[in-house]
Amino acid sequence: MRTLSTRRRHPLAGLLVLAVGLLITGGLYAAVAPKAATAETTSIDDIEAGRQLFLVGCASCHGVNAQGIVTEGTDDQPGNYGPSLIGVGAASVDFQMGTGRMPMAQTAPQAPRKKIEYSEEEISQVAAYIASLAPGPQIPDERYLDYESLSDEEIARGGEFFRTNCTACHNSVGAGGALPNGRYAPSLHGVEAKHIYEAMQTGPQQMPVFSDDVITPEEKLAVIGYVRAMSTEPDYGGFSGGNFGPVSDGLFVWVIGIGGLVGFATWIGWHGTRTKKKKA
Amino acid sequence: MSSDIEQRTPVSDPIADPGLPAHQYRPQDVDPAQEKRTERQIAGMFGVATLLLIGFCVAYFTIGKDQLIVIPGTNWSALNFTLGITLAGALLLIGVGIIQWAKKLMGDHEMIEMRHPAASSVEDRTATMAAVNDGIEESGIGRRPLIRNSLLGALGAMGLPAIVMLRDMGPLPGDTLAHTVWEPGMRVVNDVSGQPLRPADIEVGQLVNGQPAIFYETDDEGHAVMHGHDVLNAKAKAAVILVRMRPEDITPAEGRENWGIDGILCYSKICTHVGCPISLWEQQTHHLLCPCHQSTFDLADNGKVVFGPAYRPLPQLPLAVDDEGYLIAVSDFPEIVGPSYSFLDRDQKRLDEENA
Amino acid sequence: MPASAYHHAFFQAGDGMSTYTPVEDTKTGKKLAGPVGWLDERLGLAALGKKNLRKVFPEHWSFMLGEIALWSFVVLLITGVFLTLWFDPSMAETVYTGSYRPLNGVEMSVAYASALDISFDVRGGLLLRQMHHWAAHLFIAAMMVHMLRVFFTGAYRKPREINWLIGLGLLTLGILAGFSGYSLPDDLLSGTGLRIADGMIKSIPLVGTHISFFLFGGEFPGDQIIPRLYMAHILLIPALLLGLIAAHMLLLVYHKHTQFPGAGRTNENVVGYPMLPVYAAKAGGFFFIVFGVIAFLSATFTVNGIWIYGPYNPAEVTAGSQPDWYMGFAEGALRIFPPLEFNIFGSTWPLSVLIPGLGALGILFTLLGAWPFVERWITGDDREHHLLDRPRNAPTRTALGVAGMTAFGLLWIGGGNDVIALRFGLDLNAITYFLRVMFFLGPIIAFIITRRICISLQRKDHEVLTHGFETGVIDRSPDGGYSERHAPLPVDAQYALTSAKPATVAIEAPELVDANGVDAPNGRKAKLRARLRRWYYAGAFDKPTVEEMQHAEEHLRDAGQHPVDLGEDFQGVSETGVPRVH
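First to last, the protein sequences are chains A, B and C.
End of the first sequence sits at 1278 in my numbering; the numbers just go up one at a time, nothing left out.
End of the second sequence sits at 347 in my numbering; the numbers just go up one at a time, nothing left out.
End of the third sequence sits at 614 in my numbering; the numbers just go up one at a time, nothing left out.
Note that these hints are calculated values from the structure, not bench results.
All figures in this text were calculated on a predicted structure; none of them were measured in a lab.
Using N, Cα and C, we set each Cβ at its ideal position, and we do this for glycine too.
Some hints could be false.
[What the hints assert, rightly or not] Sample of chain A residues lacking proximity to chain C, with all beta carbon distances greater than 12 Å (derived):
# : residue
1 : G1055
2 : E1151
3 : R1155
4 : D1210
[What the hints assert, rightly or not] Only pairs whose alpha carbons sit at most 20 Å apart, straight line, appear in this in silico SDA-like list of lysine to any residue:
#  : chain 1 : residue 1 : chain 2 : residue 2
5  : A       : K1277     : B       : P18
6  : C       : K288      : B       : A110
7  : C       : K83       : B       : Q15
8  : A       : K1277     : B       : G98
9  : B       : K340      : B       : A122
10 : A       : K1275     : B       : Q15
11 : C       : K87       : B       : S322
12 : B       : K295      : C       : A313
13 : A       : K1277     : B       : Q25
14 : A       : K1112     : C       : R455
15 : A       : K1276     : B       : M97
16 : A       : K1277     : B       : R17
17 : A       : K1274     : B       : P18
18 : C       : K83       : B       : R28
19 : B       : K56       : C       : Y128
20 : C       : K87       : B       : G98
21 : A       : K1275     : B       : R28
22 : A       : K1276     : B       : H14
23 : C       : K83       : C       : D459
24 : B       : K295      : C       : P371
25 : C       : K190      : C       : M281
26 : A       : K1275     : B       : M97
27 : B       : K56       : C       : R455
28 : C       : K557      : C       : A315
29 : A       : K1276     : B       : T167
[Claimed, not checked] Reference listing, derived: stretches of chain B covered by chain A, where coverage requires no fewer than 3 residues with Cβ under 8 Å from a Cβ of chain A:
#  : stretch
30 : 6 to 17
31 : 61 to 73
32 : 172 to 186
33 : 192 to 199
34 : 260 to 270
Use the sequences and the hints to build the structure in full.
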């Protein structure tokens, strides 16, 4: 019985993905994202344009030459006001700016995903500039992002990598989890495949790096496939409360179960309508 | 001393019991039309319940296991929903119908039943005591301590076989918890893929969920060396995490200076609190958090506990590089991994002697 | 006086009875005489039937909370039997090939694979699984609210102490049944739960490691624990539960149900509807309603979607790992306890596991079990109590209960601190530090506030009794002053309020020294008792005396001489100005 696979996606899921895609690529460009720029295809002009953007938008924290600004830190908060970007590669820039994390709105325990400030072209220009400073991880190749072509077995294999490396922070369905001191592992729902890949590759913020030498690009693709499968998987049994585990079960049973049954019990114990009339 | 408490409470009730209020009739008692309507209403509920139960059976045979129901905002199994809702509807209608019958149409007069003290009468108690006494007298259980005590001894001994029989539920612990499958020269490999690791594969800020290579080794005929629950048992102690930090960030304890390779350190993945596997590593703070009870360990500082209920630091596995350039363990864990257990201290002392 | 009043009420209430046809002449009498005779000649049941078939049960919504638990248990038995048809509690390794795509080809235990098959390949299997799990949640939740009702109304007092202890046994077994069931599917979450249970068992000083090895058949996880838990889950625990439930119900029948005070309701009688037919119908109907609510929950809410977690693997864990809610307080205690451990003669005492893990359960149940006896010792009250207390009339007990609930609730928050931190954007560590302090402060604050509220409510009752209730009707006096008219409560309500508080029992002042001036043997104990007694009754505000009530009556009668008659049915005016109706 493999029929589940034929209907596993909500009819509206496509629309949703499209909407998210539109949102991310912004209003300036066409809905289909152009192929991301890579180091080989960038021109000197792009790098220069990127440098100009960098000086305006990033240099105040990361330094005019992207060397970072170091301040005195504590144990929990190491003193990097803005870390050095030399050697972080185009992938890092594409992830941080492409998910709206950079530029940061304010200093906080961690940079949240938010509205994207730069256009796709501007991001690729800044990425080209950073990549030109020192070699670093590049924006992943399209063929490692095509999760739709994966077979069931490959997705299930991705699940094994996911459960071993990712669920401890991001939870079984990628709903996210708490970290010390107000930090958190964000939800993976609605994150572009490219950005999931780049996050594993570059280890943004507190997230550790999962380099291509250890978790190969094919394995990363399988992980992306599993993340996608889990976020589009139906709630077979009904409302799941976001799959945060048994906490929501407890909430439902007290509010709906006990609450509802106490309501019925009150009705049963209620004396009911009475009349002043006497029996004929 | 306590008299003030007594004085405050009057002994007799200030208001005499007015008795049960006069009975008031229900509309159904006095109005035959209303009664008829209620009767039809209840029968209607039972009728709809029957239809719903038939609907349940129809749904069982007609709805596919894989069909989904798509109301905006939901994406549920159609079969589960339909079976559940028809069943719930039928049950609720039956229940409400029965209760409605009881409330609206059945006898409605409150009745009074007198209580009796829980205790038996004095005569009964005296008779019982007499019977017990007769029994004791006639059996001579008080006069014949030899028989009584030997019987009690025999009955007590009857518990022994039941306890002794439990012995074979499992082996004795011995020192199994003090050792893992790690041994000198065993490679550290990536979990799931089984790929061996070179120091150059691991970047600063990287986390690798590792396992001992033996889980992925095969014998001459291609069969896995370890399989089934043996692997799970071994994994429950041997799972490790490898992390790479900038060497200048690490403050190794005395004697641990050469346990890492260029900032790559290997720690047990099993929490020393109650044994959850931990891999929530924050690469910038170098803290490792357990998702179960939030024990936090500083991996740059020898696995020291910095927060949470864990008491012992996270055990570290000393690393080296073999001839082919792959990471290997220098030895088994010098400290016992996993949650504290009742004679951990004894085992740890023995382990220290072995290692000394 | 009282006896004749009851008889009067009885005959008044039963005035319809005289019109019934003698049983020999009824259809039922003719039809059933044969079978009843046959059975009675063999079993002698008629004597029992005569006493019990028309047994009276009082009516109140809160008396049905225990029934929710009972009916949930029946649903558990029914759905559980169905589940055993397909569930295979084996820990042997297999490769999954069922309908759930994202786990295709993954190695897992047979137990997990069969739980997935029940969810995806047995039609209606998911519904059964969810109904079983929801019923389990409801079973334990209903036992807890039932216990709270019994506690706050003082229904555990003599002669019902033994039934209170049986109830605690039921709750313990219910939690054990829940935990063993939670562990059976062998998914990542249940395995993590077992891992924690193993850590807790190993923390038992001296013998813990041996117990763990015996239970698991060797090292954790081994291949024995699930078959063994399965036996406990489907045979041992349900059998014990059934036995205790039977005992609980038999004692209920023997003692007769308690009732709230009210007109015609005394400590010597019980007023309500007969078991046959009204109570049987209401209870039977309620079974279907409980069953229906469970089915509704299972149709629309996912419970424990085991497929999202994947098979158990001791090297994997998921963020947001929690036990089911009823273990949440123990989990919270484990999380907020500071690190503490010591070694002595080679044995290790992991107190930061032992105290919150096994200690939390042990302490909670010991306190609950001891309370009826402690309270009885403090008050010296050896009378039978069949009339329930209103919680306000036992301020110290109520405040203690609320303090306990506060501690429980704080630990509960601790058990979900990661989910709370994530959902509300809070600092995980800060929540833990906060709870470490609040666990001690919270219950004390709750105790003080609750006792204060109870005493204030007592004063309000006293006020209403002696000065009448505020009618909402404003009188204007000839000299232009305004005042609100007060009217006496109906006599029924007055009686309900004043009969609610039985007099305290006098205890002789403790003899601290005997005749020779030597310290009395029990002097210290008696002193402690006296001190506890003062603490227990501190601030109590008692019902008015006969004289006060007479005075109030005269006073209110005078005030009632007014040109505008309020009418016989007048019940006051609500806050919105609408006359209240009964």
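Hints and how they fare:
Once the 12 Å rule is applied to beta carbons, A/G1055 is consistent with being away from chain C; the minimum gap is 26 Å. With a minimum CB-CB distance of about 5 Å to chain C, A/E1151 fails to clear the 12 Å threshold, and the non-interface call is violated. A beta-carbon of chain C comes within 12 Å of the beta-carbon of A/R1155; the shortest separation is about 8 Å. The non-interface label for A/D1210 is consistent with chain C: the shortest C-beta to C-beta separation is roughly 22 Å, beyond 12 Å.
Between A/K1277 and B/P18 the alpha-carbon distance is near 10 Å, which keeps this suggested pair within the 20 Å criterion. Proposed proximity of C/K288 and B/A110 is supported: the alpha carbons are some 13 Å apart, at most 20 Å. For the hint pairing C/K83 with B/Q15, the CA-to-CA distance comes to about 28 Å; that exceeds 20 Å, so the pair is violated. A hinted pair counts as satisfied when its Cα atoms are at most 20 Å apart, and A/K1277 with B/G98 qualifies at roughly 14 Å.
The hinted pair formed by B/K340 and B/A122 fails the criterion: a straight-line CA distance of about 63 Å is larger than 20 Å. Taking the CA atoms of A/K1275 and B/Q15, the gap is about 8 Å. The hint holds against a cut of 20 Å. As the CA atoms of C/K87 and B/S322 are separated by approximately 75 Å, the hinted pair breaks the 20 Å bound. Taking the CA atoms of B/K295 and C/A313, the gap is near 64 Å; set against the 20 Å cutoff, the hint is violated.
Only pairs whose Cα atoms come within 20 Å are accepted, and A/K1277 paired with B/Q25 is accepted, the gap being roughly 13 Å. With a C-alpha separation of about 17 Å, the suggested pair A/K1112 and C/R455 falls inside the 20 Å cut-off, and the hint holds. As the CA atoms of A/K1276 and B/M97 are separated by approximately 17 Å, the hinted pair is consistent with the 20 Å bound. Simply put, A/K1277 and B/R17 have alpha-carbon atoms about 10 Å apart, close enough for the 20 Å limit, and the pair holds.
The suggested pairing of A/K1274 with B/P18 holds, with an alpha-carbon distance near 9 Å, which does not exceed 20 Å. Restraint check for C/K83 and B/R28: not satisfied, since their Cα atoms lie roughly 35 Å apart, outside the 20 Å limit. Between the alpha carbons of B/K56 and C/Y128 the distance comes to roughly 18 Å, so the proposed pair stays at or under 20 Å and holds. Simply put, C/K87 and B/G98 have alpha-carbon atoms about 14 Å apart, close enough for the 20 Å limit, and the pair holds.
For the hint linking A/K1275 to B/R28, the alpha-carbon distance of about 18 Å falls within 20 Å, and the restraint holds. Under the criterion of a C-alpha separation no larger than 20 Å, the hint pairing A/K1276 with B/H14 is consistent with the structure, at around 10 Å. Straight-line distance between C-alpha atoms of C/K83 and C/D459 comes to about 62 Å, which puts the hinted pair past the 20 Å bound. With a CA separation close to 12 Å, the supplied pair B/K295 and C/P371 stays within the 20 Å bound.
For the suggested pair C/K190 and C/M281, the alpha carbons sit about 17 Å apart, so the restraint of at most 20 Å is met. For a cut-off of 20 Å, the pair hint linking A/K1275 to B/M97 stands: about 18 Å separates their Cα positions. Using a Cα cut-off of 20 Å, the hinted pair B/K56 and C/R455 is violated, with the two alpha carbons roughly 34 Å apart. Note on C/K557 and C/A315: the hinted pairing is violated, with a Cα-Cα distance of about 47 Å set against a maximum of 20 Å.
Restraint check: the Cα-Cα separation between A/K1276 and B/T167 comes to about 84 Å, which exceeds 20 Å; the hinted pair is violated. Taking a C-beta to C-beta cut-off of 8 Å, the stretch 6 to 17 of chain B contributes 3 residues in contact with chain A, enough for the three needed, and the coverage statement holds. Restraint check on the stretch 61 to 73 of chain B versus chain A: 8 residues with Cβ-Cβ distances below 8 Å, three needed, restraint holds. Requiring three or more residues with a Cβ within less than 8 Å of a Cβ of chain A, the coverage given for the stretch 172 to 186 of chain B holds, as 5 such residues are present.
Using a Cβ-Cβ cut-off of 8 Å, 8 residues of the stretch 192 to 199 of chain B lie near chain A, which meets the minimum of three, so the contact claim holds. Taking a C-beta to C-beta cut-off of 8 Å, the stretch 260 to 270 of chain B contributes 3 residues in contact with chain A, enough for the three needed, and the coverage statement holds.
Of the numbered hints given earlier, the model fails hints 2, 3, 7, 9, 11, 12, 18, 23, 27, 28, 29; all others are met.
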